[in-house]
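J.: This is what each chain is made of:
Protein chains: 2
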Amino acid sequence: MSAQPLTDFSRLAVHTFTTKPWNLAQACDNYAAAGIPGITVWRNVIEELGAEAAGSLIRKSGLEVAALCRGGFFPAFSAADRQKAIDDNKLAIDQAAAIGAPMVVLVCGAVVGMPLPEARKQVTDGIAACLDHARAAGVKLAIEPLHPMYAADRSAVNTMGQARAICEALQDPLVGIALDVYHVWWDEALSEEIRLAGEQNTLFAFHVCDWRPDTRHLLTDRGLMGEGCIDIKGIRAAVEAAGFNGWNEVEIFSEAHWAKDQRQWLSEIKQAYLNYV
Amino acid sequence: MSAQPLTDFSRLAVHTFTTKPWNLAQACDNYAAAGIPGITVWRNVIEELGAEAAGSLIRKSGLEVAALCRGGFFPAFSAADRQKAIDDNKLAIDQAAAIGAPMVVLVCGAVVGMPLPEARKQVTDGIAACLDHARAAGVKLAIEPLHPMYAADRSAVNTMGQARAICEALQDPLVGIALDVYHVWWDEALSEEIRLAGEQNTLFAFHVCDWRPDTRHLLTDRGLMGEGCIDIKGIRAAVEAAGFNGWNEVEIFSEAHWAKDQRQWLSEIKQAYLNYV
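Each protein sequence line maps, in turn, to chains G and L.
Numbering-wise, the first sequence is residues 440 to 716 according to our numbering.
Numbering-wise, the second sequence is residues 440 to 716 according to our numbering.
Derived by calculation from the structure, the hints in this document are not laboratory data.
Certain hints may be false.
With a cut-off of at most 35 Å between alpha-carbon atoms, the simulated DSBU-like pairs for lysine-lysine come out as follows [what the hints assert, rightly or not]:
(1) L:529 to L:709
(2) L:459 to L:709
(3) G:459 to G:560
(4) L:499 to L:560
(5) G:523 to G:560
(6) L:459 to L:523
(7) L:560 to G:672
(8) L:672 to G:560
(9) G:560 to G:499
(10) G:699 to G:499
(11) L:523 to G:672
(12) G:523 to L:672
What follows is a set of in silico ranges between Cβ atoms, one per label pair, in the way DEER data are often shown [what the hints assert, rightly or not]:
(13) G:699 to L:489: 44 to 54 Å
(14) G:571 to L:639: 33 to 43 Å
(15) L:571 to G:446: 46 to 56 Å
Model, not experiment: these values are computed from the prediction.
Even for Gly, the Cβ is constructed at its ideal location relative to N, Cα and C.
Chain G extracted, bound-state conformation (with noise of 0.2 Å):
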């Protein structure tokens, strides 16, 4: 299956991490100068300015806003912690909402020691205990299935099917599911949960970079589009075909790339999005 060819940028969203030199004016600026029309925005660039200023610098700028980046980290082993956590997550939201966010992307959060199941039911409750807030604010979450590289402390959501079993236990609408083809490419059982997806309307997302095979790094070595083995315009078309039509972000963590001139980086994103998305 292959998708249909992307010949404009109009479905091109940018995280702000993907260039994380640039401060959050940096990157609407020349986001913008580029013909990039969305942004996703991580939470690191609007701590300087306070979200209602990040709110209305962006509006400036004309981008639209795909989603936050991030919430999530719901277990610990204290209750204490746990409600740290939904704190910080309504927060999240709230910030979310001040920046025209629809939604938060979640990485739920692990912790060594705990069972992995444990953790994703204390990923269920935190989640749970989000949503009146979440409702009020009219923003959703969008739980991101980490890479089971991640499984120790970064999150015990590790496959899709583990990510619609939390949409199914809690069935509300304002849940569903960021997919980065980077988490979950080798899963044999791709295919099949993106069409669950489709069908229960969980597929909030769409994350694109590529997976190098001589990674050096597990956060920080990923690959632009094209450079690695991910089959992304397969992928594309299985969630097209489920009924996505919304953004293709690239969210791109390389300190290879990091270190080059932001303006080049970004011409030669949207020269792979082209070819390769």
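Assemble the complex: chain G is given as a structure, and chain L must be docked to it using the hints.
T.: Relative to chain G, chain L alone:
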């Protein structure tokens, strides 16, 4: 579920790669002197001697060979390259027989640009092509599912379930599974797959080490048992409940630990074995 504590070293085998700075003679001498009865031999340490001389060196040491590591790497784009892989696996089988190894552990292989299901089909065909040779030599073949972070170019077999599917397709008592906790600890199907492997008599080998939460390198930063997040005792209890009573093999690739005095390292391994396996 927790296993009966280990109180002696009667089931301990160490992989030669765990003490990479040592050649085969040094490994044999030091393991034997430390009261470690089992050795798993990597092919790099028999290359300089040849398999016959390596075999007689090991027999003189009194060590028992748990396995030869490693065969596999079956998938390739050309028929000629696939045949080369089969020939190399037959050579590994001969080497295993020469050193008294009851099995060859298979890192099955993957190729950038080849869909994973196709790679798994080629793995199945490759193993099938080696079966007569393995039968004649009396050597078993143990499929080692590798962590999904190796799916790009090391193995398209990334779960116990996928390894089981190959065993079920081949239906040969010579074909089974090498379970390494490092690769499969995160999988929610693990307990059930261990149970099934027990039922199907395919649980051939059990490898231990640990997953460091802040893993610095994808290949050479494994933890000593106790340094990470894996519930090794729980997994050992499950494999023993499934009928496994073979070696507990310590396989640790770690630049940090290789940098130590290797006798000191071996004594740390023995202590961690009693405390955390």
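J.: Determine for every hint whether it applies to the structure shown.
T.: Hints versus structure:
A hinted pair counts as satisfied when its Cα atoms are at most 35 Å apart, and residue 529 of chain L with residue 709 of chain L qualifies at roughly 34 Å. Between residue 459 of chain L and residue 709 of chain L the alpha-carbon distance is near 17 Å, which keeps this suggested pair within the 35 Å criterion. Using a Cα cut-off of 35 Å, the hinted pair residue 459 of chain G and residue 560 of chain G holds, with the two alpha carbons roughly 33 Å apart. Of the supplied pair hints, the one linking residue 499 of chain L and residue 560 of chain L is violated, its CA atoms being roughly 41 Å apart against a limit of 35 Å.
In summary, the hint linking residue 523 of chain G to residue 560 of chain G is supported, as the alpha carbons are separated by about 17 Å, within the 35 Å threshold. Only pairs whose Cα atoms come within 35 Å are accepted, and residue 459 of chain L paired with residue 523 of chain L is accepted, the gap being roughly 27 Å. For the hint pairing residue 560 of chain L with residue 672 of chain G, the CA-to-CA distance comes to about 23 Å; that is within 35 Å, so the pair holds. Proposed proximity of residue 672 of chain L and residue 560 of chain G is supported: the alpha carbons are some 23 Å apart, at most 35 Å.
The straight-line distance between the Cα atoms of residue 560 of chain G and residue 499 of chain G is roughly 41 Å, outside the 35 Å bound, and the hint therefore fails. A hinted pair counts as satisfied when its Cα atoms are at most 35 Å apart, and residue 699 of chain G with residue 499 of chain G qualifies at roughly 27 Å. Taking the CA atoms of residue 523 of chain L and residue 672 of chain G, the gap is near 32 Å; set against the 35 Å cutoff, the hint holds. At roughly 32 Å between alpha-carbon atoms, residue 523 of chain G and residue 672 of chain L fall within 35 Å of each other, so this suggested pair holds.
In this structure the hint that residue 699 of chain G and residue 489 of chain L lie 44 to 54 Å apart at CB holds, the actual value being about 50 Å. For the hinted restraint 33 to 43 Å between residue 571 of chain G and residue 639 of chain L, the CB-CB distance of approximately 49 Å leaves it violated. Between residue 571 of chain L and residue 446 of chain G the CB atoms are about 54 Å apart, so this pair conforms to the stated range of 46 to 56 Å.
Comparing the model with each earlier hint shows violations of hints 4, 9 and 14; every other hint is respected.
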